[in-house]
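Using the sequences and the hints, build the whole thing.
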Amino acid sequence: MNTGPSVHIALVTRAISGDSFAKDILINDWYKRVYNYALRFLGDHDLAMEVSQLTFITVHGKIESLKDPSKYRSWLYTILANNCRSQKRRGRNPSLSALSSTAPANPEDFACSSSNPEQRMIEQEATDRLEKAILRLPEVQREVLIMKEFEGLKFREIAESLGISENTAKSRLYYAFKHLKESLSGYTYHPQ
Numbered sequence: 073m074n075t076g077p078s079v080h081i082a083l084v085t086r087a088i089s090g091d092s093f094a095k096d097i098l099i100n101d102w103y104k105r106v107y108n109y110a111l112r113f114l115g116d117h118d119l120a121m122e123v124s125q126l127t128f129i130t131v132h133g134k135i136e137s138l139k140d141p142s143k144y145r146s147w148l149y150t151i152l153a154n155n156c157r158s159q160k161r162r163g164r165n166p167s168l169s170a171l172s173s174t175a176p177a178n179p180e181d182f183a184c185s186s187s188n189p190e191q192r193m194i195e196q197e198a199t200d201r202l203e204k205a206i207l208r209l210p211e212v213q214r215e216v217l218i219m220k221e222f223e224g225l226k227f228r229e230i231a232e233s234l235g236i237s238e239n240t241a242k243s244r245l246y247y248a249f250k251h252l253k254e255s256l257s258g259y260t261y262h263p264q
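First residue of the sequence shown? That's 73 in our numbering, and the numbers climb one at a time after it.
No lab work stands behind these hints, which were simulated from the structure alone. All residues carry an ideal CB built from backbone N, CA and C; glycine is no exception. Fair warning: there could be bad hints in the mix.
Stated by the list, open to error - Label-pair restraints from in silico Cβ distances:
1. A82 <-> D118: 33 to 39 Å
2. K139 <-> G163: 33 to 39 Å
3. G258 <-> T130: 19 to 25 Å
Said to hold, decoys possible - Straight-line distance between alpha carbons at most 30 Å, and here's what the computed DSSO-like set of lysine-lysine pairs gives:
4. K253 <-> K160
5. K242 <-> K104
6. K253 <-> K139
So this is what it looks like as structure tokens:
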């Protein structure tokens with residue numbers, strides 16, 4: 073369900089007031105984004121599923137505590153980021169291969185993919201290298217990078233979600249890109 077901002081706020085308002093149907097719609101609307109964030113952060117399909125479910129259990133149980141429906145997105149990402157960090161602290165190394173089995177956030181991302189098998193293999197190698205480099209980033213940089221570049225959050229929302237200033241979020245993104253550039257230096261990808 074693709075909803076505009078006013079419809080989304082109305083839906084969150086209904087969920088806050090205890091409407092189970094509205095809560096279910098919110099879960100359906102946000103599940104793929106929550107799962108993709110968790111997968112990119114943790115690098116493991118099973119852990120991402122577990123964290124996604126835990127996130128929605130928490131959201132479902134605590135949504136009545138959300139004071140401002142327009143803050144739902146940053147509130148959701150706060151819960152998600154905390155759950156990802158908690159899971160990461162518990163241990164279990166991520167499986168880098170799990171990332172390559174994920175669908176992109178937008179199906180259109182496949183549209184530009186080449187029909188040439190050799191070119192597809194080169195594109196997949198570039199994607200794998202990038203995913204591995206992202207997993208090697210320090211946690212604080214990785215979470216900002218994922219929120220900004222993959223989830224499309226604004227710096228204000230990232231700052232609210234992580235309990236940091238906007239300038240800190242910008243700085244972490246800068247250093248994430250710097251580390252990625254260093255990590256990927258020497259590798260050249262030339263799409264045809």
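Status of each hint after checking the structure:
no., hint, verdict
1, A82 <-> D118: 33 to 39 Å, "35 Å, holds"
2, K139 <-> G163: 33 to 39 Å, "35 Å, holds"
3, G258 <-> T130: 19 to 25 Å, "42 Å, violated"
4, K253 <-> K160, "24 Å, holds"
5, K242 <-> K104, "25 Å, holds"
6, K253 <-> K139, "40 Å, violated"
Checked against the numbered hints above, the structure breaks hints 3 and 6 and satisfies the rest.
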